[in-house]
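> Chain by chain, the residues:
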Amino acid sequence: MASAHSIPSIEERFEFTSEAKRNLLIGGGVGLALVLLGAYLAATGGGHEAAAHGAEHAANALARTTSEHAAGGHEAAAAVGHEGAAAEGGHHAKSWMTRIWANLWVNAVYFTGMSVVGMFFISYNYLAQAGWSAVFKRVPEALPAFLPFTGIIMLITFFLGGHDLFHWTHEGLYEIGGPEYDPIIAGKRGFLNTPFFIARLVIYFGVWYGLWRVIRNLSLKEDEIGGTEFYEKSIRFGTAFLVVFGVTSSTSAWDFVMSIDTHWFSTMFGWYTLASWHVAGLAVITLTVIMLRERGYLRAVNSSHMRDLGKFIFAFSIFWTYVWFAQFLLIYYANLPEETIYFLERFRGYGGFFKGPFFVTLFLNFFFPFLVLMTRDAKYTHSILKVACWSVIVGHYMDFYTNIMPGTVGAGAELGPLEWGFFVIFLCAFAYSIASQLEKANLIPRNHPMLEESLHHDIA
Amino acid sequence: MAELSGKFLVGVYDDDDTVLHAVPRLRKAGVKIKEVYSPFPIHGMDEALGHPRTRIGIAAFMFGVTGCICALVLMIWTMGIDWPMIVGGKDPISIPNYIPITFELTVLFTAFGMVTTFFISNGLGPGTHFHPRFDVRSTDNKFVMAIDLGRNSMSEEEISRALRDSGAEEVNLKQF
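Going line by line, the protein sequences match chains A and B.
UniProt numbering puts the first residue of the first sequence at 1, with every later residue one more than the last.
UniProt numbering puts the first residue of the second sequence at 1, with every later residue one more than the last.
If you are wondering where the hints come from, they were derived from the structure by calculation, not from laboratory data.
There could be a bad hint or two in this list.
Which chain B residues stay away from chain A? Per the calculated CB distances, all over 12 Å, these [as the list claims (entries may be wrong)]:
#1 Ile58
#2 Arg137
#3 Ser138
Chain A regions said to be covered by chain B (calculated; three or more residues, Cβ under 8 Å) [said to hold, decoys possible]:
#4 322 to 330
#5 368 to 376
Ideal Cβ placement from N, Cα and C applies to all residues, glycine included.
Build out the structure end to end from the sequences listed, making use of the hints.
Dropping the structure here:
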């Protein structure tokens, strides 16, 4: 905050040490071991438990079906009764595989979001011609490199496990007069059909990643050649990305998350998922900046930058809560059975299993960062920021967990070694990807036209 | 405010950078600066003047908590206890229903509380009539530094010379 600061060197090369690589690989190995352990438990011992769960769930669903028939919630209740029956209807061998697909899907969706938010961050900073963020711009710029990885995982998961995850992929739903015919889902067929879904998936990843490559290349060339030409071009491509992302952030949220609960819809959902992705991405950016600083890099980042990043997380935690609550309150207030079913499932369904994650989500994503980051000093104190960042990162994992799991795994859902193992694997892979991107260029964009402003960033 | 009576030396500067550099120089020379007035905020001026950090944030938090508690108590008492009422099929005491109003009252209490605190601690607002103007040009294009002679042990001439040395284009004596 001292105004007469001496500016440290801007020539910095990040070195992805073999020790760091080894640690990340060990982390990934631990994750894998947890996954294997979890899968083993789920496939053998867990079977009984799942059966018990299933029976309990069937009773639950039945109770609800009758009570809500009376309340007029015919469709919703029927849907749950239907899914419950399917879950309970037998194949336990399938249920733990479903759990694996669902876990892959949760993590792939979550990490896709955090990666693409790197691009989102650069783009709006370009569009606003913001100066403050120039000095650590390489960090958000490194995130989207992970997109092909999550994209491929999502494609594979959809091809292999899509039938287990997405109710709408069942052909019988669309046969008029058939035993499984569902007029509501049939009405959504124009959007929710496999070819269009895969096309959209490919387009999202293609466009996000493609635009990121353009901006990244411009940024790397700018580093060597200099001048404002690359900056001007980046603004244009960044704006193009924002236009694209304005639409695709919503549609991808419907595709990836909302379509799992096929009957249900919420007009807030696109915003809600974007808010979740955004704040988690900001937490990753902040955490990466802190980790780099702790290893002696990014000396030019001062406490004002850190405070602004802290404010960003603080503000967007509140924003997420606001959208979350807006969605919840409308549904709670209106009390329409086909809408409330979504929250009922998470409150009481499946033996109340999701009630815990549901409230933990609220705590980790709102109350904790809100209270911890409130004071001014907390926003640039590394240790406090780090705790808040981790709270947000884990919290939004739980957020996607509570959104995706009830509609896919339902009664067989657990929060054990399998879940945490997958999360750790993805986290290590993401960190590996970020670090190898950071290594590719000077850690500070030395010819960025706003760099001078950023180096003197002072919000006193 | 009463403490603002007495003799003041007023240095007028033409440039924000000059005045920003003048402040540490004068303080080093032993001059106690009352305040610097500027048409716009100067980055780093608060630190240069060595002003203690504002505590209005703490006040804001307290007002917010008060507002939050008041709102909840008001609604729980009126809707749930004194005259239990069922609205929209919800329980008389249903916290989700109360959140919008809780939020609003938290913000309202915080805003009003902060403005009031600010007015009181700065001696502004209704009932206060003494607003010293050291130099009206500080709202236009000049940067004005006020030095309370009563609080400085140095002589008027010494301070005046120090002010001119630090880049002041005018030094005036102001008495209230």
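> Does the structure break any of the earlier hints, and which numbers would those be?
The structure breaks only hint 1.
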